[in-house]
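A.B. asks: Each chain, letter by letter, is given below.
2 protein chains.
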Amino acid sequence: MTSGAPKREVLPEASNEEGLYALTAALVRTVRNAVDRSDSDGLRELIAPLHDADIADLIERLPSDDRHQFVSLAGDAVSGEVLAFIEDDVRETIIRQLDAHKVAEAISDLDTDDAVAVLEDLDPPQQREILEALPNQADRIGVQESLTYPENSAGRLMQREVISLPAFWTVGQTIDFMRENDDLPDDFYEIFVVNPRQEPIGTVRLNRLLRSQRPIRLRDIMERELHVIPADTDQEEIGFVFDQYDLISAPVVGASGRLIGMITVDDVLDVVQEEAEEDIFRLSGVQEADIYRAALQTAGGRFIWLLVNLATAILASFVIYQFSGTIDQMVALAVLMPIVASMGGNAGTQTLTVAVRAIATKDLSLSNVHRVFGKETIVGLLNGIVFAVLTGGVAAAWYADMALGFVIGGAMVINMLVAGMFGLIIPVVLWRLRIDPATAAGVLLTTVTDVIGFLAFLGLAGMFLL
Amino acid sequence: MTSGAPKREVLPEASNEEGLYALTAALVRTVRNAVDRSDSDGLRELIAPLHDADIADLIERLPSDDRHQFVSLAGDAVSGEVLAFIEDDVRETIIRQLDAHKVAEAISDLDTDDAVAVLEDLDPPQQREILEALPNQADRIGVQESLTYPENSAGRLMQREVISLPAFWTVGQTIDFMRENDDLPDDFYEIFVVNPRQEPIGTVRLNRLLRSQRPIRLRDIMERELHVIPADTDQEEIGFVFDQYDLISAPVVGASGRLIGMITVDDVLDVVQEEAEEDIFRLSGVQEADIYRAALQTAGGRFIWLLVNLATAILASFVIYQFSGTIDQMVALAVLMPIVASMGGNAGTQTLTVAVRAIATKDLSLSNVHRVFGKETIVGLLNGIVFAVLTGGVAAAWYADMALGFVIGGAMVINMLVAGMFGLIIPVVLWRLRIDPATAAGVLLTTVTDVIGFLAFLGLAGMFLL
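Chains D and C are the protein sequences, given in the same order.
Heads up, the first sequence is in this note's numbering, so the first residue is 1 and it goes up one at a time.
Heads up, the second sequence is in this note's numbering, so the first residue is 1 and it goes up one at a time.
There may be inaccurate statements among the hints.
Since the list can't tell identical chains apart, any single copy or any two copies may satisfy a pair.
Said to hold, decoys possible - Here are the computed lysine to any residue pairs in the SDA-like style, where the Cα-Cα straight-line distance is at most 20 Å:
1. K362 with F177
2. K362 with E45
3. K102 with Q137
4. K362 with V28
5. K362 with L50
6. K362 with G300
7. K362 with R432
8. K362 with R29
9. K362 with R293
10. K362 with E288
11. K362 with E278
12. K362 with V372
13. K362 with L62
14. K102 with Q297
15. K362 with T24
16. K362 with D234
17. K362 with A25
18. K362 with H51
Since the hints were made in silico from the structure, they are not lab data.
This is chain D alone, in the form it adopts within the complex:
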């Protein structure tokens, strides 16, 4: 990371964005040319000025055939850091083609959290092979232990490299210790104060340490308000705590309460983004970001949601089927019925989305769910009335039929009211049942709004128009 020549990157201003993208496309082209020519030296020269994260991006952007070629030509320019920065799907295919010893060597310099990130998605036999090839036994045991914790838990996210000191140490002792000790974490922002049982009892941010006189003891400057994270805590919870309390790092404890590692905010930044994206993707029926996946896998990953949607669409059709006779007498109903269903679906999705995010950010909880339910019901009713008038007016004018306008207006109020209520009820019930509210909520909701929409419109039409 430390480089000789002064490098200085000024972010392009908004108007310069074109330049940035053009440059990226040009760089990708140049790199592909070097790869095609098997020009190892040229390639290394091209990527030498790049940050590890940018090399990782570059690899992701190459067509899959070129990626392996790139990695073998670039040699050790593809460091452990670069591997850690590469997106999961792409990394898996790259590592599968690399020698276990080469991977082991590359990740041996990483902190445990990054080493775990590289290894956790591999097949067990390959994982074992790389672990056995790790030169340092302590590293191996640390990584293995971290891998025993569940996916997306604190135990996986944490790094074992952490500084923990007893409360009676002075600032001077602490600084001298850090100056003399080479085996410190790559980066850290605070040191943790532990009791004789190795339980964390306080934290000292480095700027506090730097501002204090040498004879002062840690116990006198440590912050006692600790946010201790048990190793099996889920990452969503970790993201919440960091965001809520503006943490920069936090101590992780094992089942016995002993300090076993720390989580730093750079990992949490990824977590927060991942969790918010997970909600977006689940609401749209995509399992995860699949931009770097092959077409067949992508199609497969999206299949299930489409299948569920087909089932609910058939259910809605079955409702319409019951009114075949009604439609046969009045084709206008077939023309207008999608409007009622569509408006209900959209209004419901608005409520649903707000509710899903509010549950995730803990803005919606048992303490205010009744109030929010009351509000969403009123919102549904208000917009229902407004759109009943608008749609009723359009329909009445279109077919020169006042009664038809009243029927579609009535159906609209009913469906938008139901949409607002179920847009909240569905995610809240799923959440209380410990099911991720984002996953199934969208299907359930549109099933409700389609069925109620068709039922209300065609039912009212059957009663009042024929």
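Knowing the structure of chain D, use the given hints to seat chain C on it.
C.D. replies: Using the frame of chain D, we list chain C on its own:
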């Protein structure tokens, strides 16, 4: 923040979550009781052990009538930090009821970024009044200057409190300076090294400083790979840079290139979450998180999207209207047509969502847009064929009509292929036109899939079935 009694909070484990939520509900109830009794002492005692962020949450959760009462009873327990943690909509109504001098006093201890966050959404006259009441003139000028930068820009997010030192200073000088100087930022993680023109030329993370011997000069330990952020950079770009390069803080420069402040990762955590949420909300037609808003405002905020959706739904109905004669001859078409439109809408939304996020995270750019387009076309075709067979089979069996099965199958392939293509084309074109891809994309897409779905199905039916 520094408190006498040792406080130690262990995150509840997954199985304990019930407890946490129950506790919150109970706390809200108890606080409301104290507010109802105007029991100022009781209230202060209740909130004394809480973190500022939790007091802010508590205020948000109260019914709006109780909030003002709470703030006046709690007195200075509602500090500047608490105000900074409160969600925008709620903060605005609270500050409107407070005396300008009280607000000025509360925010005078805050770093500029937090003071700006409190002030930026207020009406100009109220903002001016509070600014004039600020006791410290330097603070006032700093906040005023920050407010001249555009909303969501680096100039608003940054704090002016920053440590910048010349490269020839030694580690020892630096540590002594920090020990003797009281006027430092509340929290900082690195110091910036500047040249005589005050331009940032390097950065020294505090742990690097602590590990170095006193006589060493900053120039010899500083990291030269700087990510300098111009003050008018948009927050989305800032979030990207912090995430990409795992930054903890970054220097902000004015138009002249002089260092004027820094952005810290805790603010960026909010930004990353906000930007991802913005995409979720825009895709669902919600302008922003509105859980704390009154029903009337909420309904108003969601009205526009529903109106646009009504227009597109009417457009789709108009397509159906053209086929009134066809439907009149065969009611089965009315029963089945929503299936084709719904499947296209869902398949298109999957592609759209992936594309919108990939553009935001720069995973989709000009360098790979052709490849992704080819892939999405294949995905659309693959799933189109699978669902053509499924839906065709169901329709043929339902109405005992093979030809009907072929017609709906053909329409399904067409619509899902179009959905995959437009799911990518629409956000990419919007992005190149510098329009936020998330905002208008959903409406445009469902318009396309509804129109093509009805047109293909009813058109093919008209050609082959009658």
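A.B. asks: Take the hints in turn and mark each one as holding or not.
C.D. replies: Comparing the hints with the structure gives:
1. Within a single copy, K362 and F177 get their C-alpha atoms no closer than 42 Å, and across copies no closer than 42 Å, so neither meets the 20 Å cut-off.
2. Taking the shortest Cα distances, K362 and E45 never come within 20 Å of each other, neither inside one copy (49 Å) nor across copies (24 Å).
3. For the homomeric pair K102 and Q137, the shortest alpha-carbon distance inside one copy (17 Å) is at most 20 Å, but the shortest distance between copies (60 Å) is not.
4. With identical chains, the CA atoms of K362 and V28 are at most 20 Å apart between copies only, with a shortest distance of 14 Å across copies and 42 Å within one.
5. Taking the shortest alpha-carbon separations for K362 and L50, only the inter-copy value of 17 Å comes in at or below 20 Å, while the best intra-copy value is 40 Å.
6. Proximity of K362 and G300 under a CA criterion of 20 Å is satisfied in neither setting, with 33 Å inside one chain copy and 24 Å between copies.
7. Taking the shortest alpha-carbon separations for K362 and R432, only the intra-copy value of 13 Å comes in at or below 20 Å, while the best inter-copy value is 36 Å.
8. When the C-alpha separation of K362 and R29 is checked against a cutoff of 20 Å, the pair qualifies only between copies, where the shortest distance is 17 Å, while the shortest distance within a copy is 46 Å.
9. Within a single copy, K362 and R293 get their C-alpha atoms only as close as 33 Å, which misses the 20 Å cut-off; across copies the closest is 16 Å, which meets it.
10. Proximity of K362 to E288 under the C-alpha cut-off of 20 Å is restricted to the inter-copy arrangement: shortest distance 16 Å between copies versus 23 Å within a copy.
11. In this homomeric assembly, K362 and E278 come within 20 Å of each other (Cα to Cα) both inside a single copy, at 16 Å, and across copies, at 17 Å.
12. Within a single copy, K362 and V372 get their C-alpha atoms as close as 13 Å, which meets the 20 Å cut-off; across copies the closest is 36 Å, which misses it.
13. Only between protomers do K362 and L62 lie at most 20 Å apart by alpha-carbon distance; the minimum there is 14 Å, versus 40 Å within a single protomer.
14. Taking the closest pair of Cα atoms, K102 and Q297 never come within 20 Å of each other, the shortest separation being 28 Å inside a single copy and 60 Å across copies.
15. Within a single copy, K362 and T24 get their C-alpha atoms only as close as 39 Å, which misses the 20 Å cut-off; across copies the closest is 11 Å, which meets it.
16. For the homomeric pair K362 and D234, the shortest alpha-carbon distance inside one copy (15 Å) is at most 20 Å, but the shortest distance between copies (27 Å) is not.
17. Proximity of K362 and A25 under a CA criterion of 20 Å is satisfied inter-copy only: 12 Å between copies versus 41 Å inside one chain copy.
18. Only between protomers do K362 and H51 lie at most 20 Å apart by alpha-carbon distance; the minimum there is 16 Å, versus 36 Å within a single protomer.
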